[in-house]
Amino acid sequence: MSGVDIVLVKPGSQRQLYGELSTFQLTGIEPPLWGALLAACLRAEGFSVVLYDAEVENWDYRTTAGRIAEARPLLAAIVVSGTNPTASTMNMTGAREILLRLKECAPDIKTALTGLHPSALPERTMKEEPVDFVIDGEGIRTLPALLRVLKSRETDYQIGGLWHRAGEKIISNPRAPLVADLDALPMPAWDLLPMERYRAHTWHCFDNLRARSPYGVIYTSLGCPFRCSFCCINAIFGKPGIRYRSPERVIEEIDLLVNRFGIRNIKIMDELFVLDKPRVARFCDLLIARGYDLNMWAYARTDTVDPDILAKMRKAGIRWVCYGFESANQRVLKGVHKQQDRMRQAVEMTYDADINILANFMFGLPDDDYDTMQETLEMAKEINSEYANFYCVMAQPGAALYEEALRKGWPLPETWEGYSHLGYESLPLPTKTLTGPQVLEFRDRAFHDYFSSPRYLEKIRRRFGEEVEAFVREMLVRKPKRKHLPEGVCRGLAGKTPIVEMPPPDYNDAHNPDQR
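Quick note, my numbering runs 1 ahead of the 1-based positions in the sequence shown.
Keep in mind the hints are simulated off the structure, nothing from the lab. Yeah, the Cβ is synthetic: ideal placement off N, Cα and C, and Gly gets one too. Heads up, a few of these hints could be off.
With a straight-line Cα cutoff of 30 angstroms, these simulated BS3-like cross-link-like pairs (lysine-lysine) come out [said to hold, decoys possible]:
| # | residue 1 | residue 2 |
| --- | --- | --- |
| 1 | K128 | K104 |
| 2 | K278 | K240 |
| 3 | K316 | K240 |
| 4 | K313 | K278 |
| 5 | K460 | K433 |
| 6 | K409 | K240 |
| 7 | K460 | K409 |
| 8 | K480 | K460 |
| 9 | K152 | K128 |
| 10 | K460 | K313 |
| 11 | K484 | K433 |
| 12 | K409 | K128 |
| 13 | K482 | K460 |
| 14 | K316 | K278 |
| 15 | K409 | K382 |
| 16 | K335 | K382 |
| 17 | K433 | K409 |
| 18 | K111 | K316 |
| 19 | K240 | K335 |
| 20 | K433 | K480 |
| 21 | K409 | K480 |
Simulated DEER-style distance windows between Cβ atoms [stated by the list, open to error]:
| # | residue 1 | residue 2 | range |
| --- | --- | --- | --- |
| 22 | G242 | R211 | 36 to 44 angstroms |
| 23 | E467 | I171 | 36 to 44 angstroms |
| 24 | S453 | K152 | 55 to 63 angstroms |
All chains, please: the whole structure from these sequences, using the hints.
What follows is the structure, given as structure tokens:
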């Protein structure tokens, strides 16, 4: 008896990615947008599709493989792209474990890996992973073409974006062209997922911590036109650039999420939502006319917002805006090709519009030292945003910084789990003067310093109430466990010399700043 044409699987383990923090539901679980979009595109072409989210189901690797085997698909495709692009690489461990167990219980099922990480490292993925095919690029054109070949029992794999094996030889094809008209794509197949079980991030629901579910994500554009060297978002698209959906088409999807699935909490997952302001204004006007009581958040740049667009966004239900401040030091930002203007003006305008700020900061950029990281921490405390993410710099596959690390022999994590910011294996990239563990130690202490600040706690109490203040205090008790931070190592803080000195990274050009 034949099964379905394809099973798409989102791998992932909350405990693997977030360590002990996952036990307390401090993290959100987002529905797999890319998997749902691929499922919808395949279904529109007449293929039978099953979409599994192993993370939200809390399946272990063996259970996930068993579920795939039960569906008897012609092709099992593991989708290692998240709505957060950095989640792709750290999910590769889970993808491999699922593939290994699937080979044990159903060796005849053909397998594929698709998503951002396989697109960033297609050849390495083919060499290292127990997989039959790798999809290089979006996959929207490649997967249907592959299924047609498999159904016909032919072996002509001259398909754009497909990597495959011919005996011991690995064969690649040029990427398929990107989809030009995003409005022509179907709505993501949200009906294939348990939408009621997804939960928003805690900070997103500071207005009501008991109402984190259900949770939805939408996209209004794909890609980013900028070239920040630490970012890997464009690896799946092949180059910087941005493509838009029409505001009308996006509103149709919001209608679906609200009216069919009862969703109020929504993430706009665009890498840069506020860029084309007339388009954003049109989107907001359409949404305001609906009269929905939404709690949405979106990304913006400090140099793309103004009071009028922020006021319109707030009226439409965008209650949080995320700014990637990254660093307070212009020299450090310039070193990663990040331009950041009007930061303080944007903060004031956003607060005036009654919009909460999610502020992103990065420690361990190539030109960072203790002084510049302390400068960034002080800026974060001055901004005093309603929530802040403090990231260590990871040279993510697909980012220019990863290629530079390979060329210059900088140390990288030994496992894909090491790319997880909050995981036990986490190991940041070293800077010119600091080791990865020193950066990691600064980050963890900075997190505690920020969220335990009396000024921050007072603001949270005034804005959201005593319950949320108590939640933040409890959050501080839940500290991530770190393999690379044994007791007594790197206990320096905020510009101070560590108690235990550690040597600087062994760069070939460590003493020549002009090399970078």
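Compare the distance between the alpha carbons of K433 and K409 with 30 angstroms, and conclude whether the hinted pair is satisfied. holds (12 angstroms)
Between the alpha carbons of K278 and K240, is the straight-line distance 30 angstroms or under? holds (23 angstroms)
Going straight from one Cα to the other, do K152 and K128 come out at no more than 30 angstroms? holds (26 angstroms)
Could you check the hint for me, namely that E467 and I171 are 36 to 44 angstroms apart, CB to CB? violated (59 angstroms)
Taking 30 angstroms as the top limit, are the C-alpha atoms of K313 and K278 close enough? Within the cut-off at roughly 11 angstroms; holds.
Between the alpha carbons of K111 and K316, is the straight-line distance 30 angstroms or under? With Cα atoms ~49 angstroms apart, K111 and K316 exceed 30 angstroms; violated.
Are the Cα atoms of K460 and K433 separated by 30 angstroms or less? violated (37 angstroms)
Given the hint that K484 pairs with K433, does the C-alpha gap stay at or below 30 angstroms? At roughly 22 angstroms apart (the allowed maximum being 30 angstroms), K433 and K484 satisfy the hint.
Are K409 and K128 close enough, with their CA atoms no more than 30 angstroms apart? holds (23 angstroms)
Restraint check for K128 with K104, where alpha carbons must lie at most 30 angstroms apart: Given pair K128, K104 holds - Cα atoms ~16 angstroms apart, limit 30 angstroms.
Take the C-alpha atoms of K240 and K335, compute the straight-line distance between them, and say whether it is at most 30 angstroms. Holds, because 21 angstroms separates the two Cα atoms, which is no more than 30 angstroms.
Agreement of K409 and K382 with the hint, judged by alpha carbon distance not exceeding 30 angstroms: violated (35 angstroms)
Taken one by one, the earlier hints fail for this structure at numbers 3, 5, 7, 15, 18, 21, 23, listed in ascending order.
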